[in-house]
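Novice: Please work from the sequences and hints to get the whole structure.
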Amino acid sequence: MFEISKNKILPNFRNLNSNQINYKNNKDIVTSVDIEVENYLKKTLPQFLKNSYFIGEEIYTHNPEILEYYNQNRYCWTVDPIDGTLNFVKGKETFAVMVALTFSNEIIQSWIYKPITQEFMYAKLNQGSFLNNKKITINNFNSISNSVGSISSKYWDKDIEGKIKLLKNNFKEINSYGSIGCEYFDIVLGKRDFVILSKLSPWDHLAGVLLVREAGGNDSHFDNLSYKFNQKSNNLIVSSSRNLNIEIINKIKELKS
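Counting in numbering that gives the first Met the number 0, the sequence shown runs without a single skipped number right up to 256 at its last residue.
Bear in mind the hints are in silico, worked out from the structure with no lab data behind them.
Any given hint could turn out to be false.
[Said to hold, decoys possible] 20 Å max Cα-Cα, derived SDA-like pairs, lysine to any residue: (1) K162 - N174; (2) K5 - N131; (3) K167 - I143; (4) K41 - L66; (5) K255 - G161; (6) K23 - H61; (7) K227 - P63; (8) K198 - L66; (9) K23 - N62; (10) K255 - D158.
[What the hints assert, rightly or not] Using C-beta positions, here's what the derived DEER-type ranges look like: (11) K42 - N145: 43 to 53 Å; (12) F102 - G127: 13 to 23 Å; (13) D158 - S225: 14 to 24 Å.
Backbone N, C-alpha and C define an ideal beta-carbon position, used for all residues, glycine too.
Specialist: Written out as structure tokens, the structure reads:
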């Protein structure tokens, strides 16, 4: 992650030309740098674990069937080469490289790297979360009325969409970085309290969920069950504490759409 960031991401930051920018079928932006970083990680990461699979956001665009890898009893790397591509294109510093390692439907390790600040966070299952090799735990425990975070603005099921609009009024502040990886990063650091999500692409959430879990935070779907990346769901809450998760879930139940 450090090498490819130094050699490919940073030299192109605020230095992209129009030929390097394209759009996927779903209108999401993608750059040649996203693809080059993902190809580099696809080549290098499986070398650490023989016979391991690789899933990347850009590869998925052309081959959605690769998600079946999660149902195999094998190690699998999942990568978002540049989380916050639009920020990267606009010259904003809020973007990250995200990598997660899973086995048998369990997230066992994850990494998030912020190339601009060179901050590096990683987590190991049952061993904790670490910032630049120093163990870190969440110590910011706000109630819902004092919480700051983000809520997905689209992709909600129709039966919940009205409640989500009303839910926004119950927090201290709602804003988005445009990079979910950086938001997970700041939940662990105590700078933010929560994210409430609708679109659950694994490359967006595997790394961050484990980081928050291992730092003492919490995650659940609206049914109060923990995040399962190999099961279909259209909602997820990740927050600094179990109490905040429960408070958000109860508030959703109370609201009349």
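Novice: Below or equal to 20 Å on CA atoms is what counts here, so check K23 against N62.
Specialist: holds (13 Å)
Novice: Would the hint linking K255 and D158 be met if the CA-CA limit is 20 Å?
Specialist: Judged against 20 Å, a Cα distance of about 11 Å means the pair holds.
Novice: Under the criterion that the straight-line Cα-Cα distance not exceed 20 Å, is the pair K255, G161 satisfied?
Specialist: holds (8 Å)
Novice: Return holds or violated for the Cβ distance of D158 and S225 against the range 14 to 24 Å.
Specialist: Holds, since D158 and S225 (Cβ atoms, about 22 Å apart) stay within the stated range.
Novice: Quickly compare the C-alpha distance for K227 and P63 to 20 Å and report which way the hint goes.
Specialist: holds (18 Å)
Novice: Under the criterion that the straight-line Cα-Cα distance not exceed 20 Å, is the pair K162, N174 satisfied?
Specialist: holds (18 Å)
Novice: Do the Cβ positions of K42 and N145 conform to the proposed distance bound of 43 to 53 Å?
Specialist: Taking Cβ atoms as reference, K42 and N145 lie about 46 Å apart, which means the hint holds.
Novice: Take the C-alpha atoms of K167 and I143, compute the straight-line distance between them, and say whether it is at most 20 Å.
Specialist: Roughly 10 Å separates the two Cα atoms, so the pair holds.
Novice: Just tell me: holds or violated, for the beta carbon distance of F102 and G127 against 13 to 23 Å?
Specialist: Once the Cβ atoms are compared, 19 Å apart, the range 13 to 23 Å for G127 and F102 holds.
Novice: K23 and H61: Cα distance at most 20 Å?
Specialist: Holds, at about 10 Å.
Novice: Quick one, are K198 and L66 close enough, alpha carbons at most 20 Å?
Specialist: holds (15 Å)
Novice: Mind checking the alpha carbons of K5 and N131 for me, to see if they're no more than 20 Å apart?
Specialist: holds (17 Å)
In terms of the numbered hints stated before, the structure departs from none.
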